[in-house]
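Residues per chain are reported as follows:
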Amino acid sequence: MSETREITLTVNGTDHTIDVEPRKLLVHAIREDLDMTGTHIGCDTGNCGACTVLVDGEPLKSCLMFTAQADGSEVMTVEGMEDLPESDGDLHPLQEGFHEEHGLQCGYCTPGMIMSGKALLDENPDPSEEEIREAISGNLCRCTGYQNIVKSIEYAAEKLAAQPAADGGRIIAEELADAQTDGGADAGGGGEFTGYDIDDGEFTCGAENCCGGPTTDADHTGGGDT
Amino acid sequence: MKAAPFEHHEPTSVDEAVSLLESLDGPTVLSGGQSLVPMLRFRLANPDVVVDINGIEELGYLREEDGFLKLGALARHADVEGSELIAEKYGSFADAAPLVADPQIRNRGTVVGSVAQADPKGDWGSLLIAHDGEVVARGPDGERVIPADEFFLLPYDTALDEDELITEVRVPTPSDREGSAYHKLKRKTGDYAMAGVGVRLRFDDDGVIEAAGIGMTAVDITNARASDAEDHLEGERPTPDLFEAAGESAAEESHPESDEHGDAAYKERMVKVLTQRALGDAAERAGVVKQRRVSR
Chain A
1 MSETREITLT VNGTDHTIDV EPRKLLVHAI REDLDMTGTH IGCDTGNCGA
51 CTVLVDGEPL KSCLMFTAQA DGSEVMTVEG MEDLPESDGD LHPLQEGFHE
101 EHGLQCGYCT PGMIMSGKAL LDENPDPSEE EIREAISGNL CRCTGYQNIV
151 KSIEYAAEKL AAQPAADGGR IIAEELADAQ TDGGADAGGG GEFTGYDIDD
201 GEFTCGAENC CGGPTTDADH TGGGDT
Chain B
1 MKAAPFEHHE PTSVDEAVSL LESLDGPTVL SGGQSLVPML RFRLANPDVV
51 VDINGIEELG YLREEDGFLK LGALARHADV EGSELIAEKY GSFADAAPLV
101 ADPQIRNRGT VVGSVAQADP KGDWGSLLIA HDGEVVARGP DGERVIPADE
151 FFLLPYDTAL DEDELITEVR VPTPSDREGS AYHKLKRKTG DYAMAGVGVR
201 LRFDDDGVIE AAGIGMTAVD ITNARASDAE DHLEGERPTP DLFEAAGESA
251 AEESHPESDE HGDAAYKERM VKVLTQRALG DAAERAGVVK QRRVSR
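Going down the list, the protein sequences come from chains A and B.
One point on numbering: in my numbering, the residue at position 98 of the first sequence is 98, and numbering is uninterrupted.
One point on numbering: in my numbering, the residue at position 272 of the second sequence is 272, and numbering is uninterrupted.
None of these hints come from the bench; they were simulated from the model.
Be aware that one or more of the hints could be misleading.
Counterexamples of contact, computed for chain B against chain A with all Cβ distances above 10 angstroms [said to hold, decoys possible]:
| no. | residue |
| --- | --- |
| 1 | M1 |
| 2 | K2 |
| 3 | F6 |
| 4 | L24 |
| 5 | R177 |
Which bits of chain B does chain A cover? Going by a derived footprint, with three or more residues having C-beta under 8 angstroms, they are [to be verified]:
| no. | region |
| --- | --- |
| 6 | 36–42 |
| 7 | 105–119 |
Each residue gets a CB set at the ideal place from its N, CA and C atoms; glycine is no exception.
Kindly generate the complete structure, drawing on both the sequences and the hints.
In structure tokens form, the structure reads like this:
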């Protein structure tokens, strides 16, 4: 047997020190050693992109590199999306987009699609349809026909563009505070926004798994053409 | 665990890598790994020792120097795709880079690794041939420069010795009156080529073709030169008829195999078409021909 080696991966901002054999693929370390099963294994051949993660900001197929090769790297998986500032403690606009635009059916390819979408929007916040299709050309989906995946990423681009700065979205925060004030709820002490602190029921659309709702007056239920 | 166990070495300099290759028994070099890692995991390759060169920072270059465009062994496909120098002066490289596999693979895979893999369906070998390029290898006895024409021997087999490391591939910098292009036919986005043709045309001051290079992908047992077609072009003025004749000649020189994507006769016709189109682009990029090709 080959020997194991101690390596450190920073995954979604958290350092993990693990012992791995050189032959262990990165996707297996993420799923089996770190128990983060959001990253999927689809084809086992490097074709499907379900295992796409960001390594030092670049989208890579984690089934096509060994864990030891990522020693010292920053890895981002789908589990990290909700922790990004633009997510404001809830679903990331990309995740929300897939929900709103019906960008998934079985959902198997979705984590990879979201990571490829994230890499695209980091580089190009206002992509054309063609650019979106190129960015996800390494990700296969057998359900949707891709149309709604493209729409999902467009949704996220629009939503992110509406957030004025990369500081966590002041405008949304202000809108929330206003909405809460308008609704008669306590806007919280001092007006300092500290995350989603909405009274139960304030933004529930009625669905059992409500995503948290829109932050504006936009129609939440019928937005197929928006 | 999918791959068989292996010893993993991570040199940080070319010297260290070369001495490892010399001292170790049956080493395999791992660069981008986008072909090698699947081969390891399916145990199509079972090396005892892997020398991973990704930590050799000195090999990550893409630059013009001493009359060559030089790509270090760790220049990724995406580096070529995103390079302004390539976009300005190396039309064929700019054409080919975004046609290699998909974005994730282009971020990791390397041009040199693809050349070393010597898959007859690989794109870069055809461009090395079209541009009269060279492969630079370092071994125990120092540096060796291998012309592209002598490098590809058989599918997945090259003139490289086991204890040699490719440090660089390079092509001569173009003259002012030179243009190049790459056209590739594939079944869907991200696929290997069913057929591909890379061309380079250099013109003299009177607009006569001074030198022509044509390399073909996926239509022979290796990336292959279409030398009869090149002879057809040299000394002539660019015309649609000339390019058609050169395309026919390239098709005759190609030896595609029938497979599920198309029969050999179809692929030969595609070689002709791709050659014509690439020649049209190359002539236009050289600034010699203004008119676009009419059919697509």
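Right, here's what the structure says about each hint:
no.: 1; hint: M1; in the structure: violated, 6 angstroms
no.: 2; hint: K2; in the structure: violated, 7 angstroms
no.: 3; hint: F6; in the structure: violated, 6 angstroms
no.: 4; hint: L24; in the structure: holds, 14 angstroms
no.: 5; hint: R177; in the structure: holds, 33 angstroms
no.: 6; hint: 36–42; in the structure: holds (count 4)
no.: 7; hint: 105–119; in the structure: holds (count 3)
The earlier numbered hints that this structure contradicts are 1, 2 and 3.
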